[in-house]
Amino acid sequence: QKEVEQNSGPLSVPEGAIASLNCTYSDRGSQSFFWYRQYSGKSPELIMSIYSNGDKEDGRFTAQLNKASQYVSLLIRDSQPSDSATYLCAVRSNYQLIWGAGTKLIIKP
Amino acid sequence: SAVISQKPSRDICQRGTSLTIQCQVDSQVTMMFWYRQQPGQSLTLIATANQGSEATYESGFVIDKFPISRPNLTFSTLTVSNMSPEDSSIYLCSVLLRDRSYEQYFGPGTRLTVT
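Going down the list, the sequences are from chains A and V.
Sequential numbering from 1 applies to the first sequence in the working numbering.
Sequential numbering from 110 applies to the second sequence in the working numbering.
Everything labelled a hint here was simulated from the structure, so no lab data went into it.
Some hints here could point you the wrong way.
Some residues of chain V that are not near chain A, with every Cβ distance over 10 Å (derived) [to be verified]:
| id | residue |
| --- | --- |
| 1 | 121 |
| 2 | 125 |
| 3 | 136 |
| 4 | 140 |
| 5 | 162 |
| 6 | 182 |
| 7 | 188 |
| 8 | 197 |
| 9 | 210 |
| 10 | 212 |
| 11 | 214 |
BS3-like cross-link-like pairs, simulated, lysine-lysine; straight-line CA separation at most 27 Å [claimed, not checked]:
| id | chain 1 | residue 1 | chain 2 | residue 2 |
| --- | --- | --- | --- | --- |
| 12 | V | 116 | A | 108 |
| 13 | V | 116 | A | 42 |
| 14 | A | 104 | A | 2 |
Here the structure is a predicted model, which is why all the values come from computation and not from measurement.
Where is the CB? At the ideal position from N, CA and C, for every residue including glycine.
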């Protein structure tokens, strides 16, 4: 059974701080990794994709991948109240995505 | 990315009836997916719908309950048949973009309430 694990939270972070979201996966052969943001009542929105070991930065977001440890993370710098949402980690296995349960992030003003 | 629309955006239906949800994409895509998301839960894949072939259903989902059509590369429908309150959920259409490194995008969803 291929699994993706996330801490369900909620994770509370002060405004302006760095939010760190973590995800581990079981399928060592996975090659594609994604972070989605989902606001309450909305559909998931793709915010980061990463395919090779190391860091990938896009604005205030940085995705980090360590395939040896089967670990992928998302850092949000200068957190804003608008970043409050549930963040879903997804790992591709063939053409399907295996989903984590999501981490609820709360940014406190 | 792709622009994905779904109809209806929400509906309230009576037990025993059926609802057909439409998904329209602004570009041709080979692979489309239908998901269900219960409140406070993660996403559950119902089926994969490829144009020109029968939909592939995940464990726990059957064609008689969730028939899917995929008549062309930009459109698909999911029918929720003989509904019960347990079918109350958000239903999401999703597409896989091969020219975007196999990134997957979602429609806005259909919120279904069965009374």
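Now for the hints, and whether the structure bears them out:
1. 121: With a cut-off of 10 Å, residue 121 of chain V remains clear of chain A, as the shortest Cβ separation is near 16 Å.
2. 125: Nearest chain A Cβ is 27 Å from residue 125 of chain V, so the label holds.
3. 136: holds (16 Å)
4. 140: violated (6 Å)
5. 162: At about 13 Å from chain A, residue 162 of chain V clears the 10 Å cut-off, so the statement holds.
6. 182: holds (16 Å)
7. 188: holds (20 Å)
8. 197: Residue 197 of chain V is indeed farther than 10 Å from all Cβ atoms of chain A, at 15 Å.
9. 210: violated (7 Å)
10. 212: The claim is violated: residue 212 of chain V sits with its nearest Cβ about 6 Å from chain A, within 10 Å.
11. 214: Contrary to the label, residue 214 of chain V does not stay out of reach of chain A, its closest Cβ about 6 Å off (not over 10 Å).
12. V/116 with A/108: This hinted pair is violated, its Cα atoms lying about 36 Å apart.
13. V/116 with A/42: holds (15 Å)
14. A/104 with A/2: Holds, at about 22 Å.
Hint compliance for this structure: hints 4, 9, 10, 11, 12 are broken, all remaining hints hold.
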